[in-house]
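Protein chains in written order, with the working numbering: chain A, 1 to 328; chain B, 329 to 543; chain C, 544 to 1159.
These aren't lab readings, by the way, just hints derived from the structure by calculation. Note that beta-carbon positions come from the ideal geometry of N, C-alpha and C, so glycine has one too. Be aware that one or more of the hints could be misleading.
To be verified - Some chain B residues close to chain C (C-beta under 8 angstroms, calculated; not the full set):
no. : residue
1   : Pro412
2   : Asn446
3   : His452
4   : Arg478
5   : Cys513
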Amino acid sequence: MKSLLHVVRGLPFILSLALAAAVAPRLTSSRAQQPAGGGAKAAEEQAKSFSVKGAPEALAFDGANVWVASKSNDTVTKLRASDGVELGSYEVGKRPVALAYDGANVWVAHLHGNNVMKLRATDGARLATVAVGNQPTGLLFDGENVWAVNSKSNTVTKLRARDAALVGTYRVGSHPMGLAFDGRYLWVTNNDDDTVSKLRASDGELIETYGAGDNPIGIAFDGHDLWIANFYKSSVTQLDPEDGRILDTHRVEDGPTGVTFQAGHVWVINYGAKSISKIDIRDGIRVTTLSVTGKPSAVISDGHHVWVACSGTDSVERLESLKKSAAP
Amino acid sequence: MTGKNRRDVLSMLGVGGATVLAGRVAVGASDPEDDSRARTQARYFPNVELVTHEGKKVRFYDDLVKDKIVLINFMYAECVGICPGITANLQRVQKLLGDRVGRDIFMYSITLTPEKDNPAALKHYVEMHKIKPGWTFLTGKPDDIELLRRRLGFYTSNQKNDKDKTNHIGMVRYGNEPRQWWGMCPGQAKADWIVESIHWMDEPKRQTTTTEAKS
Amino acid sequence: MANISKRNRRREKEVLDAAKNRRELIAAQFSRRDLMKMGLLTSTGMLIHKMGLSARAQFSDGSSFGQPASPPTTPFMEEMPLPPVAQPVTAPSGPTPTAAPNRTINPATGLPFEGRTRDHQAYTQFAPQKFYEVHQREATLSVHPQLPPQKLWTFNGTVPGQTYVARYGEPILVRNFNDLPANNGGFGIQSVTTHLHNGHTPSESDGFPTDFFAQGQYYDHHYPNVLAGVNSTHVQQGGDINESLSTLWYHDHRVDFTAQNTYKGLVGFYLLFNQLDTGNESTGFRLPQYPDFDIPMMFNDRNFDPTTKLLTFDLANRDGILGDKFLVNGKIQPFFRVKRRRYRFRWLNSGPSRFYQLFLTNPANLSAVNRFHVISNDGNLLPNPVQVSSVMIAVAERMDVIIDFSAFPAGTVLRIENRLRQTDGAGPSDRDSLFSAGQGNQILEFRVQSDPVTDGSVNPATVTAAVLGHPYFYSVPPRQTVDKCRQFKFDRDNGQWVINDKLFTDDVRFRVKRNTAEQWNLEGGFDWSHPVHIHFEEHQIIQRNRSLPTAIERGRKDVVRLGEGDDVQLFFRFRDFVGRYPMHCHNVVHEDHAMMLRFEIDDVGNNNESCDSRSR
Chain A
1 MKSLLHVVRG LPFILSLALA AAVAPRLTSS RAQQPAGGGA KAAEEQAKSF
51 SVKGAPEALA FDGANVWVAS KSNDTVTKLR ASDGVELGSY EVGKRPVALA
101 YDGANVWVAH LHGNNVMKLR ATDGARLATV AVGNQPTGLL FDGENVWAVN
151 SKSNTVTKLR ARDAALVGTY RVGSHPMGLA FDGRYLWVTN NDDDTVSKLR
201 ASDGELIETY GAGDNPIGIA FDGHDLWIAN FYKSSVTQLD PEDGRILDTH
251 RVEDGPTGVT FQAGHVWVIN YGAKSISKID IRDGIRVTTL SVTGKPSAVI
301 SDGHHVWVAC SGTDSVERLE SLKKSAAP
Chain B
329 MTGKNRRDVL SMLGVGGATV LAGRVAVGAS DPEDDSRART QARYFPNVEL
379 VTHEGKKVRF YDDLVKDKIV LINFMYAECV GICPGITANL QRVQKLLGDR
429 VGRDIFMYSI TLTPEKDNPA ALKHYVEMHK IKPGWTFLTG KPDDIELLRR
479 RLGFYTSNQK NDKDKTNHIG MVRYGNEPRQ WWGMCPGQAK ADWIVESIHW
529 MDEPKRQTTT TEAKS
Chain C
544 MANISKRNRR REKEVLDAAK NRRELIAAQF SRRDLMKMGL LTSTGMLIHK
594 MGLSARAQFS DGSSFGQPAS PPTTPFMEEM PLPPVAQPVT APSGPTPTAA
644 PNRTINPATG LPFEGRTRDH QAYTQFAPQK FYEVHQREAT LSVHPQLPPQ
694 KLWTFNGTVP GQTYVARYGE PILVRNFNDL PANNGGFGIQ SVTTHLHNGH
744 TPSESDGFPT DFFAQGQYYD HHYPNVLAGV NSTHVQQGGD INESLSTLWY
794 HDHRVDFTAQ NTYKGLVGFY LLFNQLDTGN ESTGFRLPQY PDFDIPMMFN
844 DRNFDPTTKL LTFDLANRDG ILGDKFLVNG KIQPFFRVKR RRYRFRWLNS
894 GPSRFYQLFL TNPANLSAVN RFHVISNDGN LLPNPVQVSS VMIAVAERMD
944 VIIDFSAFPA GTVLRIENRL RQTDGAGPSD RDSLFSAGQG NQILEFRVQS
994 DPVTDGSVNP ATVTAAVLGH PYFYSVPPRQ TVDKCRQFKF DRDNGQWVIN
1044 DKLFTDDVRF RVKRNTAEQW NLEGGFDWSH PVHIHFEEHQ IIQRNRSLPT
1094 AIERGRKDVV RLGEGDDVQL FFRFRDFVGR YPMHCHNVVH EDHAMMLRFE
1144 IDDVGNNNES CDSRSR
C-alpha cells in the first residue's frame, strides 16, 4: 500500500481526540444520501500537509476555516480550509485539548485549566472563560448549548452558547471522555465503565446507560448510528441510538481514539497503530487502512475533506481524493 | 500429566553437571531440596501438546523448553501490523545467532489464531518468509494457546485491556530453562540487541557487560 | 436480535464471565477445593463474578490470571529491625584498588577479576578515604514468624543491605563482590550492577544497567561524595551546598532483570551527612539525632506462594506487580517502639510497582487527622518543612518526615497506613480513590513508650520561612536560561513501554553537553502512571500541568511522577562528570520491559529528542 501521509513520529496526548469532531453540525447526512458504488480504497486518498506549531491535538471546523489547538504552546490557530493559509493564532488557556464551533464562536476546553474559553471566530477575541469540571477532554455544540465532558469529575457541563451561562452539571459514568449528539440526546463514552451514557440534551436527564465497547473514547453519530472507538479492543462499535443495541463491531487497528463521519464513511484514527481506518458504512465490512508514520491525535470532517492532526510532526493533514487533487 | 512431569523434572534436577550436550544447556549446581524449577515449570510452562508447522506433535515443556535456551514470541499469519517487521527482525536475529539456532538455542513463534493458523498455514508462512530451519512455528488447541499466552506473560493484567490479544505481540520472551533466567525484550529492538540478550543466557562468560564495545 | 434490557444484559454478562473465569481458574490448575478456600466458588459451584470481589483479596496483582493471595500472617508481631551500618575495612580483599579496572584474568573463574571496564574518572581528585567491602550473596532470612525462612539475595547477609553512612568531603570506595549462588530458586539473575540512587557519581560507578558483572567478579564503585558543581559552577565552594543530598539508596539495576533482583533483596540505604545535616540534633539544622531518632524505613510489597509460603515473583506480569504483604526493613507489618519526642523517618518505596499514600492512623480514633512534616523529597531537604496529613510515595521516591510523638500519651498506637486504592500494577486507577481511615493497608504500628526522654531537635512547626525570612534548610538553586530543550513522551505501543516511541536498547539516544543547563518536558500517556527516574543530576519541577508544583515538589528531585496525561517541565544542570546514564520508568516492571533510554554526557552534546526538531 502506498504510504499516504508523510508524517514523522508523533507525540500527541491521546485524550485530545478532538471530540469536537463528533459534532460536525453539517455532517448529519444519512447513508441514504450517499452515492452508490463508492467503494473507496485507501490509495484513492492522498494528504496535503499544513504546518501548525506547538503539537496540534484538536480540531474544529467553522464553515470556512479549520481551527487547530496546539498543546505545547497553548494556542489555537485558524487555517483557511480551502488552502490551509494561516489566518490567525490566538493564545488560550492551559493545554487546550478540545474545540467546538457554535455558529459564531470557537470554544476551547483546557485539560489543565479545568475551564472552557469562548473565542469570537472572526477575530479570536476572548468573550468568556468558564470553569467546568476536572480535566475536560471533549466539547460539543448541540445547536444551542455547548457541552464539556469532565474526565476526572465524571460529569458533563452544559453551558448556554449565547452568553456562556452555566445551565447545569450532570453525572455520567466513570472517566467520561467523548461526546456525540444525535439531534435529541447527548451521548457520552465512559472509558472506565465500558459504557455510553444517553442524556436528554434539553434537561440533562440520564435516560439510559448501555454497555458498549471496551475503553471507549471517541464517538460519532452518522445520522443513523453511533460509532464508538474502543481503545484497547482495536475496534469500533456500531450502536443503535434507539435502544442501545450493538449492531456490529468493526475491526480497526491498535488504539483507536477518534471517529468522524464523511461521505458514506466512518473515519477512525488509530493512535497506537499510527494509521487511519476508513469504514464503508453501507456494508460495514470494507475497512481500508491508511498508514501514517506518526500518531494521529484528532480527526474531523469539513464536509469535503477529512482533517487529521498530528501533534508529533507539528502538522495538520488534509486527506484529498486523488481524482479531485489531480485537477489543477 | 502434571504429576508425571513433576517427577521427570525432579529426577532431572539430580543430574547437575556443567557440560553442554547437543540440544541441552548445562544445569547448574542443583540443590535437591529446591524444587523451584519444577514450580517454575508448573506455573509458566504447561506441557500442552502443540503442532509444529511441519505437522509434528510436540509437548511444550518436554520437547521445546526443557534444558534449552529459547526465544518465544506470539504472532499470527494474517497479522499486518507489527508482525511482519518483527518476523523480519527475528530473521536477522536467527542469522546473527548462526548455527546455534536449532542446536542449543531454539526459536519459537506461537500463533494467536490457532483456529486459522493450522500447520499448513504456518508452513506457508515459513515458506513465504523464507524462514530457515531451527525456528519453529506452533499451533494447537485454542484453549492451550490461550493458556500459554497468559502463562508466558503475553497479556496485560488489566482485564479490560487484555481483550485484544493482538496488542501484546510486540515482546519476545527469552530464557535459559535450567538456570531459570527469564526476561523479555522488544521484538522490534535492533537485532543485535536481541542477540545480546540471548547471549546473556549463556554462561558465565556473557554475564559481564559488553557495553564498552558499543560506546 | 432480541433487545436485552440493561439488567438482563448485565446479568447475562456476569454469567458468561463467571463461566469464563471458572474455565480460566481450572486451567490454572486450581482445584475446586482451592477455589472454595479462596472464596471464589460458592457451595453451589457457581463462580462468583470476579469484578464483584476485591481484586486484592484474590489476585494480589489485580490480574485475572496472576498471583494468588499470599498466606495469612498476623500483623505487628515483630519489631522493625534496622539494617546494620556498613563498617569500613583497611583494605578490601583482592588486588589493590586502582583507577583503571583490574582486567587481569582470575584463574579461578576465567574472567577478569573486576567487572568494571572504564577508568574511574575522578579517582585522583577525590581519592578514597575509606574502603568498604560488600558481598552479594544468598542468605536465609525470616520475614515473618508465621512464614518459613526465605532464601533472599542480600548485600552482606541482610535485606535491606547494610546502610552506608557517608559524609560529604569523604570519598569512599566500595568493592562489590558477586557471590550469588548458582541456583536462583526461580527468579533473579546472577549478573548484577549496583546503582547508587541518586549519587552525584561518575558514570563508571553509577551502576548503569548494562555495566553488570558476573559471579566471582567484583566491581569497585568510587563514590566521591561531592556536591554538584564541584568541578564547574561552584569550584571555589567545593560544590553547591544547595545541591546537598541526604537519603540515598542503592539497588540492583541489571537490564531486563531489575525487578527480579531488587524483589529478591538487592536493595539498601546510603545516608549522606554534611556540616548542616549533621546527624547531631544540637548542631546544624538540628534534625533528630542519628541513629537513635533518625530511622530509615524501606517499604515494599511482596507476594508469597500460598502453598510453599515462599517469596514468589510473577515472571509473566508486564504491567506492574502489586504485593499483598507489606514489609518494612524486611519484615512483614512490624511494630516499632517510639519515645514521646520527634523522630526523622526516611521513608523509601523500593517497589516494585505500587504507589503509596501514607497516613498516620490512630486505630482508637479513626477520625483524628494526625499531621506530620515532610522535610525532604528524594533525599533533598526542602527549603522549609511542609506540614501534611498524608504523603504520596511512588517507587524509588524518598520522603523524609518528622513525626512528633510528644503529643501522644504513652500507650498510644499509631499506624502507618497506605490508603491509596490500587488494583492495577500499571498505576492507581484514580488518584482520588482513597480507602477510609482504618480500611487501607496497615504497614507498621508505632507504639508510644513511657520512657522519659529529652528532645533537642528543631521543631519543624516553628521554622517556616515567614518566621525566618529565609529558607530554614537549603535554597532551591536559581534556574538559568537553558541551552537545550528536550521532549519525552512515556507511552504504550503495541503492548510495549516506549519513550518517544522507542524501546530501550543500549544505543545513545541523545548527548548532553557537560556543564550546560537543559529543560526536559515529560509527558504521560494514557491510562498508566510512571515514576520516572533520571540518574545523576537532581532536577527542579518548573511546572506540573502548567501550574507550580505542590510545596513538597517545589525543591529538587530525582524521580518525577507522571500520571495519565501529565505534563511536567524539568530543569537540569549537567555538571562535573561525563559518561552514560539512563532515564527510565522506576516501576521496575516497566523498566525491565524496555521503558528506558540511555543518554550520554560529554563535551559536545547533540540536539536529539529536541523540543523543536520533532523529526527523530
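Legend entry - Index of numbered hints that the structure contradicts, given in increasing order: The structure conflicts with hints 1, 2 and 3, although it agrees with all the remaining ones.
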